[in-house]
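Chemist: Sequences and hints are given; from them, build the entire structure.
Take the sequence shown: its letters are residues -23 to -1, 1 to 415, numbered as in mature numbering (1 follows the signal peptide of the UniProt record, and there is no 0).
Just so you know, not all the hints are guaranteed correct.
[As the list claims (entries may be wrong)] In silico DMTMM-like links for lysine to aspartate or glutamate, alpha-carbon gap of 20 Å or less:
no.	residue 1	residue 2
1	Lys168	Asp204
2	Lys42	Asp178
3	Lys103	Glu113
4	Lys42	Asp171
5	Lys245	Asp275
6	Lys114	Asp204
7	Lys168	Asp208
8	Lys168	Glu57
9	Lys103	Asp206
10	Lys103	Asp132
Hints in this document: simulated from the structure, not taken from any laboratory.
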Amino acid sequence: MSKTRYAIAALTTIFLSFSAASAQQLLPPPGRPVLPAAPKATAPSPRAASCHNGQNFDRFLADVKSHAVAAGVSQRTISEASPYLVYDQGIVNRDRGQRVFGQLFTEFAGRMAAPYRMQNGQQHIKQHAAAFARAEKEYGVPPAVIAAFWGLESDFGVNMGNLPTLKSLVSLAYDCRRSEMFVNETIAALKIIDRGDLTPDEMIGSWAGELGQTQFLPVHYVNYAVDYDGDGRRDLLRSEDDVIGSTANYIANGLKWRRGEPWLEEIKVPQKLPWDQTDLSVQLPRSKWAQFGVTYPDGRPLPNDNLAASVLLPMGRNGPAFMAYANFAAYTEWNNSLIYSTTAGYLASRIAGAAPMRRPAGQVAQLPFNELKQLQQLLVQAGFNVGKVDGVLGQQSRAAVKAMQIKYGLPADSWPTAELLARMRGGTAQAQPAATVR
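Modeler: Written as C-alpha cells, this is what we have:
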C-alpha cells in the first residue's frame, strides 16, 4: 500500500480535503472524545457487495477475520473486536460525499499556520524537550517538523476524532472503492489490539480510520509506532513521548527524511524567471536559481552551491514563492494535497524561527469552481489526463495547465487563469512565442 495518507490519496488536489482529522479540527469539540459503548450493527448497503461476488456483509466479514487469523491475529482479539466490526452506511456516504475547499493557499495557511499554532508548537518543543532531542538524535528529524504535523493533525491531541475506528475501517473495506486497502487497514488495527497497544473501545479516531495525535492509519501505526516512554505500549492517543518518537520514526524511515537538510524556504522570484522551470519535478542547483535572479525575501542572495531545489509557486507567479528541497517530498508523501503539504512545511519553518511569509503585492485571481471544472474538461478534450474532472486543481491538472500555457505562450506557472480558459474555449486567439513573459 502507498504510504500516502488515505484522505488525500482519495482526493489528489491542491484544494485541500486534508486528512479526515484535519478537516474536523476547523470546529473542534473541546476536550477528549467520550468513548462510546460497543456499537450495534446497521444494515449494509446492497450496492456495496458488487465487488465481493455478491457476498453479504456477514460473509465478507467472516473472510476478513479468516485473513486476520492467517496474518497472526489471535482468536481472542477477534472475539474482543467483533462487537465493533459492524457496517455503517453513514461512513461510506461520508467518504463518497467528501467536499473540498476551494481556498487560496494564503487563506488556508493563514488559518492553519496561524501564530497561535506556531507558538503552541514551540511551547510543546520546550515542554517535551528530552523526547524531541532524543528523536532528532535517533531519527534526524527536527523538532519543528514533528511539531508542525502534530499541530495540524490534532492541535496537539485536542481533536483526534470521535468515531469508532474498527467500524469505520470495516465499512470502508466492504465498500467497493478501496476495499483491498481497507481490508489491510482493518487487519492492521486488529494487530494493534493483539499486541496490547490499544483495546477495541480505545480505538476512537477520524471517520477514515486514522488514529492518534498525528493521525496514523493502522498500517502505519503497526509499522512505525514506537514505545518511547517505556511503559510497554505504543500509545499514540495519550503518550506524548510515543507520539514524538513514532512520528519521527515514520518521517525518517517511512517518508525517507534526509538528516541535516532543509525542507522549505520562502524566496523572492524575479518577473522574468523561466516559469516553465517552476515545478516540483524540476530540480536545479541553488547557484542556478541565483543566476536566474531568485533571492531570499529580503534580497539576500541564495547560497552559491549545488544543493538541488525546486521553485514552488502554490498560487502561480503572483503569489508566495518557496524553495522546496528534497525533504519536501516527505510532506507530499504524508499528504499529497499541495495546499496541505506546503502549509505543513511553512508551519514547520515558522516554528523553527522563520519570518512570516510575504503577502502578495496584489490580489491573485482564482477561477470559480465551475470554470475550473470547465477548464479540466477542455484539458481532457485536448488529450490530457487530469484525473477526476471535479473542479479542483490537483497535480495532474497543474501539469496540464502548464503544458497549455507553454503552447499559448503564457507564463507557464501552472496557475489557471481566465486568459488560458478563454484561449481554450474558443481557440480563436493565436498562440504567442513560448518565450513571452508577462
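Chemist: For each hint, tell me whether it holds in the structure or not.
Modeler: Results of checking the hints against the structure:
Distance hint between Lys168 and Asp204 is fulfilled; the C-alpha atoms sit about 16 Å from each other, no more than 20 Å. A threshold of 20 Å between alpha carbons decides the hint, and for Lys42 with Asp178 the separation of about 18 Å falls inside it, so the pair holds. Between Lys103 and Glu113 the alpha-carbon distance is near 14 Å, which keeps this suggested pair within the 20 Å criterion. At roughly 13 Å between alpha-carbon atoms, Lys42 and Asp171 fall within 20 Å of each other, so this suggested pair holds.
Restraint check for Lys245 and Asp275: the C-alpha separation of about 8 Å stays at or below 20 Å, so the hint holds. Distance hint between Lys114 and Asp204 is fulfilled; the C-alpha atoms sit about 16 Å from each other, no more than 20 Å. A distance of roughly 18 Å separates the Cα atoms of Lys168 and Asp208; the hinted pair therefore holds under the 20 Å criterion. With a CA separation close to 12 Å, the supplied pair Lys168 and Glu57 stays within the 20 Å bound.
This hinted pair checks out: Lys103 and Asp206 have alpha carbons roughly 17 Å apart, not beyond 20 Å. For the proposed pair Lys103 and Asp132, the alpha carbon gap of about 16 Å is at most 20 Å, so the pair holds.
Checked against the numbered hints above, the structure breaks none of them.
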